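Given the coordinates of chain W, work out where chain C should sit on it, guided by the hints.
Number of protein chains: 2
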Amino acid sequence: MSDIETFAARAADLLGPRGFTQDPDLVDPWLTDWRGRFTGRALGLASPATTEEVAALVKLCGEFGVPIVPQGGNSGMCGGATPDDSGHALVLSLRRMNAVRALDPATMRITCEAGLVLQTLHETVEAEGLRFPLTLGGKGSATVGGLISTNAGGTQVLRHGMMRAQVLGLEAVLADGSVFSALTPLMKDNRGFDLKQMLIGSEGTLGIVTAATLKLEPAIAERRVLWAGVPTLPAARQLLLHCQKQAGEALEGFEVMAQGTLEDVLHHLPGARAPLGEPHGWHALIELVASADTRDALGDLAENVLASAFEAGLLEDAVIAANETQAEQFWLLRDSVAAAERDKGPAVQHDISVAVERMPDFVDMAVPLLEREWPGTEAVAFGHLGDGNVHFHVIAPEGVDPAQWYEGDAKAISEHVYALVTEWGGSISAEHGIGQLKRETFGRMGDPVKVALLRQVKQALDPDGILNPGKLVP
Amino acid sequence: MSDIETFAARAADLLGPRGFTQDPDLVDPWLTDWRGRFTGRALGLASPATTEEVAALVKLCGEFGVPIVPQGGNSGMCGGATPDDSGHALVLSLRRMNAVRALDPATMRITCEAGLVLQTLHETVEAEGLRFPLTLGGKGSATVGGLISTNAGGTQVLRHGMMRAQVLGLEAVLADGSVFSALTPLMKDNRGFDLKQMLIGSEGTLGIVTAATLKLEPAIAERRVLWAGVPTLPAARQLLLHCQKQAGEALEGFEVMAQGTLEDVLHHLPGARAPLGEPHGWHALIELVASADTRDALGDLAENVLASAFEAGLLEDAVIAANETQAEQFWLLRDSVAAAERDKGPAVQHDISVAVERMPDFVDMAVPLLEREWPGTEAVAFGHLGDGNVHFHVIAPEGVDPAQWYEGDAKAISEHVYALVTEWGGSISAEHGIGQLKRETFGRMGDPVKVALLRQVKQALDPDGILNPGKLVP
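Protein chains in written order, with full-length UniProt numbering: chain W, 1 to 474; chain C, 1 to 474.
Keep in mind the hints are simulated off the structure, nothing from the lab.
Predicted model only: the values in this text are computed from it and were never measured.
For every residue, glycine included, the Cβ atom is placed at its ideal position computed from N, Cα and C.
One or more hints might be untrue.
Here are the simulated lysine to any residue pairs, SDA-like style, with alpha carbons at most 20 Å apart [to be verified]:
hint : chain 1 : residue 1 : chain 2 : residue 2
1    : W       : LYS59     : C       : VAL449
2    : C       : LYS450    : W       : SER181
3    : C       : LYS245    : W       : ASP296
4    : W       : LYS245    : C       : GLU249
Computed footprint of chain C on chain W; a stretch qualifies when at least three of its residues, placed anywhere within it, have a C-beta under 8 Å from a C-beta of chain C [said to hold, decoys possible]:
hint : segment
5    : 88-97
6    : 196-206
7    : 422-434
Chain W on its own, in the form it takes in the complex (with noise of 0.2 Å):
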């Protein structure tokens, strides 16, 4: 038998005919990513069923050499869980590992295993009261782990953070094979550095998270979705500041789009109509929540809140939801935005972010800038305003060939995007990670202290290099 064939077997003879397969009908549809921009081989796709599994999986990997592309639900945006095209690696499926280990209302806390689905995720909580207050459009397939790996955002983000805020508690399975423990949630605990923190979001580049425990919160009981209209974006964060003072932690999200996108939008959507009668240069999206001990309170709040923004010059126009319908209607126009692009033609993204108060001079300056060095492109900002993180799209003028276009205009326009947003000291992957899409141009553009520190660590703890090789590290 040959290596790879000695491997197989003992890699089958471990996990069983569930845990391991080299069947291409089986293997095939986890090796390109969701986007479909990456797609690679690998010698076969192991799903494990325990910790303890994963742990000896890796050890059996370390012993023939065989690189481990760690998956979650296979949606990420940066081609991180996809394999490259050497065929040598093992895709590790975490799918089968979706148990709920323990959860506890009176703590509100869960702790599940990695291949948790977040919309299973959000039901189990919901069934107790609670909610696990971080959501994205990839709900439905994205995992815990998976999301604990990318350190995810979301449109929650303001109020709740990231993913590494809501994680109280972790497990994983390191390079040599030995379990990294600690799902028991200590808030104080200071022997030496906290060093969860290095596992989220390094991409399954030092370690396959295996479990986790999550903070919980409790459940909306009521909800108030305004929409706004402000001149131009500067006027909005003038809002933004505004709601945070007289909102607190009642504000749970503020979303903006320009008028040109918000009419894309509607144009996108059949039947749709916009929330306002007149045009305005920007609009924002705007919920506040409330509990079950806040709710009798929050009409109020909504009314308070506009009524003073309005009173000190803070907006044109704005109306709220006059029920959870047409609530749902305002998201449907913000969710619908990047669907609505696409329409457009050809389009690149840029997942950016800067310092949060200069996220609107940065709009305002790299817009115009790019459109009049790409004559006829449309540069399109919209997103994540509280967070100082936009999704910054740049779309093909009419009628150009694609796949030119995107070898061409659009790589200099990204890497032009990147320059400013580095030149501003933002970050060029705001939640979406580095994967192997960003990888080179972090290594070019990234600040090499903070580059050679993340080497240094890859090295110390994975010395072979056989977790998630080609990924963010540069």
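Coordinates of chain C only, in the frame set by chain W:
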């Protein structure tokens, strides 16, 4: 010239007369920790004035193989800033670097250097109507750099988290003299895992913190300090949960002590009075706070919290401090516990934590167990119940020889306490760190996987071991 003489000449040349000294009168005061438990020797004291000087000095130390002991206010609890007795090390004081680089009330952030003293930080931001929500006994000497390097706690962790939660950005000099520069606060940045988290709490073993960007809060406009008597520690926890539910974000502190501890404090403080007329098994000190926006409702909130707690049978008696003077008196009782116990003779102190919800059970188990095992001792638990962190002191039997007791029973008692805490999945250091005091215990009782991880990171980032050797890393 010897190597040491050459090094000293080069350091003096680099830092100037204010920046480097070997004068014993100037060096010696910094060779003993403030508790007087550790004394070391050093070849000199460096006090650089800029990050560039720190970087150049670290390079020089690397060249000559001179170990560096970074030091802030020298008020740590575990000897983490005291050199060993070889005399080979250089003490690197950050106290001269105490500038405020930027203070922006609009974004509620301050960027300051590592040597800024906590009390000065408090006063600086209070002048702008803001506050820095972390305080502790050593605030007159503790520096920002020391607070970060030890991830300090204090009495406000319940509401605001530890130092880690206040750090938005960081600047540090690494072992090779490179400068890790991440002062610009990005709410979202997913270029790999969050590198600054490695430096927070690493006790100067991975890098020397030179500056930080910290989060600020609106100033407290009003507070209400409550004192409540409850029969048991589990009852105190029920009262805490009630307060969290009713008061939410207004709950700033929740500290506990047993009746016997209160009596010791009253005995220690001439003229002090018990806040309540009758004795109770346990006492809780509760602080509620409000900013200018919410101050009007605070009085009612405090009364409602107590009234509903009475109604629910959650307390035996309670009182709200009538004015700020009385509020200060209540806090003085809490802040005098450590001193009151010192009156009673030799004692060993343990800064331990377990999962928040298990702390009452832990104390109820551990106190009688220890007092039974070592007859004549008195075990005392007090402090931050809401964080799962209590300070657990064991006072020697009357009449023992202190030196003999510290060498014998005291060590065995600590060993037992740490073993119990480890068995309960807790931490042998909740907020004071490891330093040199607990390094051996940590190495022995710590999870071997975690200890190995710490060692790997230390080896990778400081291969020659020049940063604070003999501390933290077993």
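Now the hints, each set against the structure:
Annotation: proposed proximity of W:LYS59 to C:VAL449 holds, straight-line Cα distance about 15 Å (limit 20 Å). Proximity of C:LYS450 to W:SER181 is assessed by CA-CA distance (about 8 Å); at most 20 Å being required, the pair is judged to hold. With a CA separation close to 16 Å, the supplied pair C:LYS245 and W:ASP296 stays within the 20 Å bound. This hinted pair checks out: W:LYS245 and C:GLU249 have alpha carbons roughly 14 Å apart, not beyond 20 Å.
Counting residues of the segment 88-97 of chain W whose beta carbon lies closer than 8 Å to any beta carbon of chain C gives 0, which falls short of the minimum of three for the stated coverage. Remark: the segment 196-206 of chain W is confirmed as covered by chain C, as 8 of its residues place a Cβ nearer than 8 Å to a Cβ of that chain, reaching the required three. Counting residues of the segment 422-434 of chain W whose C-beta lies closer than 8 Å to any C-beta of chain C gives 10; at least three are required, and the coverage claim holds.
Checked against the numbered hints given earlier, this structure breaks only hint 5.
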